[in-house]
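Chemist: Can you make the complete structure from the sequences, with help from the hints?
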Amino acid sequence: MENLKTQIKGIIKALYDIDDTPVDFSEVPANIAGDYSTNIAMRLAKRVGKNPRQVAEEIIAKLGDEYVFMIAGPGFINVEVSAKKLQEKLASEFSENYGSNNSGEGKTAIVEFPSTNMAKPYSVGHLRPGTQGWATKKLLEANGWKVITDNHLGDTGTPFGVWVVGFLRSGKSLDEVTIYDLGQIYIDTKKALKEEAAEGKHELADQTQEWLQKLEAKDAQAVEYSERFNKISLDHIHNVMKRMSISTDLELGESFYAEPGKELVQKFLAEGKFEQNDDGSVICRLDEAGIDVPMLVLKSNGTALYATTDLACMFYRKEHYNPDLVVYCVGAEQKFYFEQLFAMGKKLGLTQENFHLWFGTIDIVNDEGKREKMSSRKGVVLLEAMLDDAEARVRKNFANSELSDEDIRRIATGAIKFSDFVADRKMGILYDPDKIFALTGFSGPFCQYADVRLRRIIEKNKDFVRVDFVDYDFVAEKDLLIQINKFPELVSGVVEKLELHKIAGYCFELAQALNRYYEKTPILQAEDKERSARLWLIEKADFVLSKALDLLGVEIPEKM
RNA sequence: GUGCCCGUAGCUCAGUUGGAUAGAGCGUUAGCUUGCGGAGCUAAAGGUCGUACGUUCGAAUCGUAUCGGGCAUACCA
Numbered sequence: 002m003e004n005l006k007t008q009i010k011g012i013i014k015a016l017y018d019i020d021d022t023p024v025d026f027s028e029v030p031a032n033i034a035g036d037y038s039t040n041i042a043m044r045l046a047k048r049v050g051k052n053p054r055q056v057a058e059e060i061i062a063k064l065g066d067e068y069v070f071m072i073a074g075p076g077f078i079n080v081e082v083s084a085k086k087l088q089e090k091l092a093s094e095f096s097e098n099y100g101s102n103n104s105g106e107g108k109t110a111i112v113e114f115p116s117t118n119m120a121k122p123y124s125v126g127h128l129r130p131g132t133q134g135w136a137t138k139k140l141l142e143a144n145g146w147k148v149i150t151d152n153h154l155g156d157t158g159t160p161f162g163v164w165v166v167g168f169l170r171s172g173k174s175l176d177e178v179t180i181y182d183l184g185q186i187y188i189d190t191k192k193a194l195k196e197e198a199a200e201g202k203h204e205l206a207d208q209t210q211e212w213l214q215k216l217e218a219k220d221a222q223a224v225e226y227s228e229r230f231n232k233i234s235l236d237h238i239h240n241v242m243k244r245m246s247i248s249t250d251l252e253l254g255e256s257f258y259a260e261p262g263k264e265l266v267q268k269f270l271a272e273g274k275f276e277q278n279d280d281g282s283v284i285c286r287l288d289e290a291g292i293d294v295p296m297l298v299l300k301s302n303g304t305a306l307y308a309t310t311d312l313a314c315m316f317y318r319k320e321h322y323n324p325d326l327v328v329y330c331v332g333a334e335q336k337f338y339f340e341q342l343f344a345m346g347k348k349l350g351l352t353q354e355n356f357h358l359w360f361g362t363i364d365i366v367n368d369e370g371k372r373e374k375m376s377s378r379k380g381v382v383l384l385e386a387m388l389d390d391a392e393a394r395v396r397k398n399f400a401n402s403e404l405s406d407e408d409i410r411r412i413a414t415g416a417i418k419f420s421d422f423v424a425d426r427k428m429g430i431l432y433d434p435d436k437i438f439a440l441t442g443f444s445g446p447f448c449q450y451a452d453v454r455l456r457r458i459i460e461k462n463k464d465f466v467r468v469d470f471v472d473y474d475f476v477a478e479k480d481l482l483i484q485i486n487k488f489p490e491l492v493s494g495v496v497e498k499l500e501l502h503k504i505a506g507y508c509f510e511l512a513q514a515l516n517r518y519y520e521k522t523p524i525l526q527a528e529d530k531e532r533s534a535r536l537w538l539i540e541k542a543d544f545v546l547s548k549a550l551d552l553l554g555v556e557i558p559e560k561m
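Position 167 of the first sequence, counting from 1, maps to 168 under our numbering, and the rest follow consecutively.
Honestly, I wouldn't trust all of these hints.
DSS-like cross-link-like pairs, simulated, lysine-lysine; straight-line CA separation at most 25 Å [as the list claims (entries may be wrong)]: (1) Lys560 - Lys548; (2) Lys90 - Lys63; (3) Lys86 - Lys336; (4) Lys348 - Lys108; (5) Lys263 - Lys336; (6) Lys436 - Lys371; (7) Lys86 - Lys371; (8) Lys319 - Lys374.
Honestly, the hints are just simulated from the structure, not real lab data.
Modeler: Rendered as structure tokens:
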């Protein structure tokens, strides 16, 4: 195809002296002759003052007879490529790195996810950051990037004080307290603090601050509480992430950046890049970037907030990793915040590319039949509960298959993860258990199943002695070859804008093509030559499908 | 008020350098059926692409206006 593109470019240059128009091929719609198509003639028609079909004819006349060309519709140039040529292309390009490329070689990216909140149990609110972030890491790596992942833990100091006060009020013992208790304690205590404030009292609030001060003073009791609470919380987070088969290289929480952040604020204040308000709060003006709401970088009481820690985080990363790209996997609500943050980074001289990988909310349908963001009051909210539910459904559906627990987990998480990539990430996801855990149609398990079948066929043929198949025409395999050959271009094409949902679309199309293929084409019973050729292709299909699914974090079960 | 996102089949969604008869899954209907693993495959029904105007040989796609839904709009994250 690349050959053909440059050939056509040359012809256009020779015929019309135009060389600034890219030539691209797309697939031809069903029921129309040809395999690949370009609309170049229509795009040139106006500039050269001829009608599109005439331009197409002039271009085709100059093209050789290696392929079959035809003019179609209003002026498309369609190309028919033989199945054998497609097979030869795949054979020449295939390697153990097939699909990967080195466009990101020498470049470093930091991907921040899932940025869990340590005060509460892992909720579905952090499902999308996790799945999207993990896939982003995999996709960048497939394009040759060095990737560092960072769980930017929500561990600001305040929850600690709230926890201790609530914990002491709850009367529970330190040995028996769980993350769920701590989550409930946190919610209850926050509520009590709010009520207290409404009455003009501040007894609990004072206690909260006292415990924070004790912790800073390394008081033995406070340190014991802190270590215990952090362990409970981190163990829980690690456990859930393990079930989801995701992990990060770093776990640098907000508290890690609080003091450096405050120091940076003073530094930039001294340099005149920040301004202090009369109430003591500090802002960074962003008018030059066209943003008329300044960024608040220090609260009026002198304490840090999100922007303070993120400020320090940007500089910390610059100093230690010098990234070319930083990807923040955080929901759409924070779009404006990140616009401000990135503008501030630029103003302060940071040059890396920042990418806010944002996504819509997970919604449910409420009693009035309207869509709204999922909340703790309704439906599933703990990610563990969602995973349990998914596994229970898989167990029920595969009751006769004697699946291992690990395979059940792979299928359950495969369904959940895949559903995150079915639509463009900007779209919200409607939490409908029958859809999010779907085992059929455009779903993870459908793709997993297609691959498990492939592996089973390969396994069944492992003792077969293969023969030479150079003169096999691959006509029955043409659709499959077209699909498989698309893979490298897919990987390099979607990385620029991190269009992860296109990978899911590809997995599904390939799985569909496979199902159609072995619906009518025998392998085990084929003649030796056909059987050898088909096994060769089946292996390539397995490689590509499992690699594409792996980009999304979807694992292949042994059996299903 | 201002900014951003969304509006395509009954439902959930694909669909960009503007291009061919607007596609898929679910659901519905009719077939195939102990197969190399049928959780599949084949086919049918289902559309004023929110609305209006504009640009163009050509608009779901670009522009303007407008309606509806959501989010954001400095001391939460």
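Chemist: Each hint: holds or not?
Modeler: Hint check results:
Between the alpha carbons of lysine 560 and lysine 548 the distance comes to roughly 18 Å, so the proposed pair stays at or under 25 Å and holds. At roughly 24 Å between alpha-carbon atoms, lysine 90 and lysine 63 fall within 25 Å of each other, so this suggested pair holds. For the proposed pair lysine 86 and lysine 336, the alpha carbon gap of about 47 Å is over 25 Å, so the pair is violated. A distance of roughly 23 Å separates the Cα atoms of lysine 348 and lysine 108; the hinted pair therefore holds under the 25 Å criterion.
Simply put, lysine 263 and lysine 336 have alpha-carbon atoms about 24 Å apart, close enough for the 25 Å limit, and the pair holds. Restraint check for lysine 436 and lysine 371: satisfied, since their Cα atoms lie roughly 18 Å apart, inside the 25 Å limit. Restraint check for lysine 86 and lysine 371: not satisfied, since their Cα atoms lie roughly 53 Å apart, outside the 25 Å limit. Between lysine 319 and lysine 374 the alpha-carbon distance is near 36 Å, which puts this suggested pair outside the 25 Å criterion.
In summary, the numbered hints that this structure violates are 3, 7, 8.
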